[in-house]
Amino acid sequence: MASSQELSDFLRNVERRAFKQTVYAVRDEHAALDIVQDAMLKLAEKYAAKPVEEYPMLFQRILQNTMRDFWRRQKVRNLWTTLLSSFGTNEDGEDRDPLETIDVEDNSDNPVEQLQRSQTIAIIEKALQKLPPRQREAFVLRYWEDMDVAETADIMGCSQGSVKTHCSRAVHALAQLLEKQGLGTRVIVNLGVES
Amino acid sequence: MKPIQDNTEQLQSEVAQGKAMASLLDSQAQKLSMRTLKRLEESRMLAVQRHANKASGYDVNQNGTLTHWLSWSQHPRLMSMGVLCAALIVGLTLTQHYSQQNEFSDAFLLGSELPPEAFVDRGFEPWLNAKVEL
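Note that the protein sequences, when read in sequence, are chains A and B. So the first sequence is numbered by this note's numbering: it starts at 1 and just counts up by one. So the second sequence is numbered by this note's numbering: it starts at 1 and just counts up by one.
To be clear, the hints were calculated from the coordinates, so they are not data collected in a lab. Among these hints, one or two may not hold up.
In the EDC-like style, the derived pairs of lysine to aspartate or glutamate whose C-alpha atoms are separated by at most 16 Å in a straight line are [claimed, not checked]: (1) Lys126(A) with Asp26(B); (2) Lys164(A) with Asp26(B); (3) Lys130(A) with Asp146(A); (4) Lys38(B) with Asp34(A); (5) Lys31(B) with Glu29(A); (6) Lys38(B) with Glu29(A); (7) Lys54(B) with Glu113(A); (8) Lys164(A) with Glu179(A); (9) Lys180(A) with Glu125(A); (10) Lys19(B) with Asp146(A); (11) Lys126(A) with Glu45(A); (12) Lys31(B) with Glu41(B).
Owing to the predicted nature of the structure, the values given are computational and were not obtained by experimental measurement.
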C-alpha cells in the first residue's frame with residue numbers, strides 16, 4: 001500500500017501534465033481542473049490499497065474515464081440547453097483574477113528561441129485540440145506519458161495495432177499542420193530535444 | 001528486406017517526432033498560472049487527506065463528522081440488505097405461527113366427538129353453556 005507521502009509525490013509529478021492534457025480534450029480550464037480533482041480523489045479513495053507502482057496506469061485510466069463522463073454529461077446538458085434555448089453567459093462581465101495573468105518564469109535566456117518555441121507550442125496545442133479524441137488519447141499516453149504500446153492499449157481498451165495506427169495518424173496530422181506553418185520535422189525535433 | 005528497414009526507420013522517425021512534440025508540450029505544462037497551480041495543489045492536498053483517512057480507517061463526511069469507514073451507515077447496500085433479510089424472517093415467522101394456529105384448530109375439530117356442523121350452529125354454544133350451568 002502506498003503511503004500518503006508517495007501519493008502526494010506522485011500527484012505533484014503528474015498534476016500539471018494531467019491538467020494540460022485535460023484542457024486539450026475538453027477545451028475548458030475550469031472543467032479541466034474539476035476533472036483532474038475528481039481523478040485525484042478517485043485514485044486516493046478507491047485505490048488507496050494499491051502499490052505506488054500501479055498509480056500511473058490507474059490514474060491515466062481514471063482520468064480518461066472522467067473525461068468521457070464529462071463528455072457524456074456535456075452531451076445531455078447541450079441537448080437540454082438546445083431544447084430550452086437558455087440564455088448565454090456574458091463572459092465580458094466576469095471579474096478578472098490578477099493571479100491568472102502571472103506565469104511561472106521561463107528559464108530560457110535566448111528571446112528568439114523562446115519566441116520560436118512558444119509559437120511552435122501554440123501551433124502544436126491547437127493542432128492537438130483538433131485531433132480526433134482517440135488519436136489525441138493515444139498520442140498523449142504513448143509519447144507524453146511515455147507508456148509503451150501495451151500499456152496504452154490497456155488504458156484505451158483497444159488492440160496494440162489500433163494504438164500504433166492512432167499514434168501514427170496523430171503524428172502525421174500534427175507534422176502536416178506544422179509543416180504548413182513552415183516548421184519542418186527537424187526544427188521540431190531540435191526544439192523538443194532542447195526543451 | 002529493404003521495405004522492412006524503411007518501415008522501421010519510418011517508425012523511429014514517428015516516435016522521435018512524437019516525443020519531441022510531447023517534450024515541447026511538457027515544457028509548456030510547467031508554465032501554468034499561479035491560480036491554476038494553487039487549485040491543483042488544493043486538489044492534491046484533498047486527495048492526500050482522503051488517502052490518509054482511508055489508511056487510518058476513518059473518513060470525514062461532507063458535514064465534518066468523523067465516521068469509521070467500516071460502519072454500517074457507510075454501506076447503504078449492506079443496510080438495505082439487512083432490512084430486507086429482517087423483514088423476510090419476520091414474515092416467515094408470522095406465516096408459520098398462523099399456519100400452526102390453523103393446524104391446531106383443524107385438529108381440534110377433527111378430534112372432537114361433536115360433528116363440525118355443531119360448531120357452525122349459532123344456538124349450540126348458548127345451549128352448551130346452559131347445560132353446563134345446570
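Here is what the structure says about each hint:
1. Only pairs whose Cα atoms come within 16 Å are accepted, and lysine 126(A) paired with aspartate 26(B) is accepted, the gap being roughly 15 Å.
2. Our distance criterion of 16 Å between C-alpha atoms is broken by lysine 164(A) and aspartate 26(B), whose separation comes to about 22 Å.
3. Of the pairs offered as hints, the one joining lysine 130(A) and aspartate 146(A) is violated, with about 22 Å between alpha carbons and a cut-off of 16 Å exceeded.
4. At most 16 Å may separate the alpha-carbon atoms for a hinted pair to count; lysine 38(B) and aspartate 34(A) meet this at roughly 13 Å.
5. The straight-line distance between the Cα atoms of lysine 31(B) and glutamate 29(A) is roughly 14 Å, inside the 16 Å bound, and the hint therefore holds.
6. Taken as a hint, the lysine 38(B) and glutamate 29(A) pair is honoured in the structure, with Cα atoms around 14 Å apart against an allowance of 16 Å.
7. With a C-alpha separation of about 48 Å, the suggested pair lysine 54(B) and glutamate 113(A) falls outside the 16 Å cut-off, and the hint is violated.
8. Among the hinted pairs, lysine 164(A) with glutamate 179(A) is inconsistent with the structure: their alpha-carbon atoms are about 22 Å apart, more than 16 Å.
9. Restraint check for lysine 180(A) and glutamate 125(A): satisfied, since their Cα atoms lie roughly 15 Å apart, inside the 16 Å limit.
10. In summary, the hint linking lysine 19(B) to aspartate 146(A) is supported, as the alpha carbons are separated by about 8 Å, within the 16 Å threshold.
11. Only pairs whose Cα atoms come within 16 Å are accepted, and lysine 126(A) paired with glutamate 45(A) is rejected, the gap being roughly 34 Å.
12. For the proposed pair lysine 31(B) and glutamate 41(B), the alpha carbon gap of about 15 Å is at most 16 Å, so the pair holds.
Hints 2, 3, 7, 8 and 11 from the list above are not met by this structure, while the remaining hints are.
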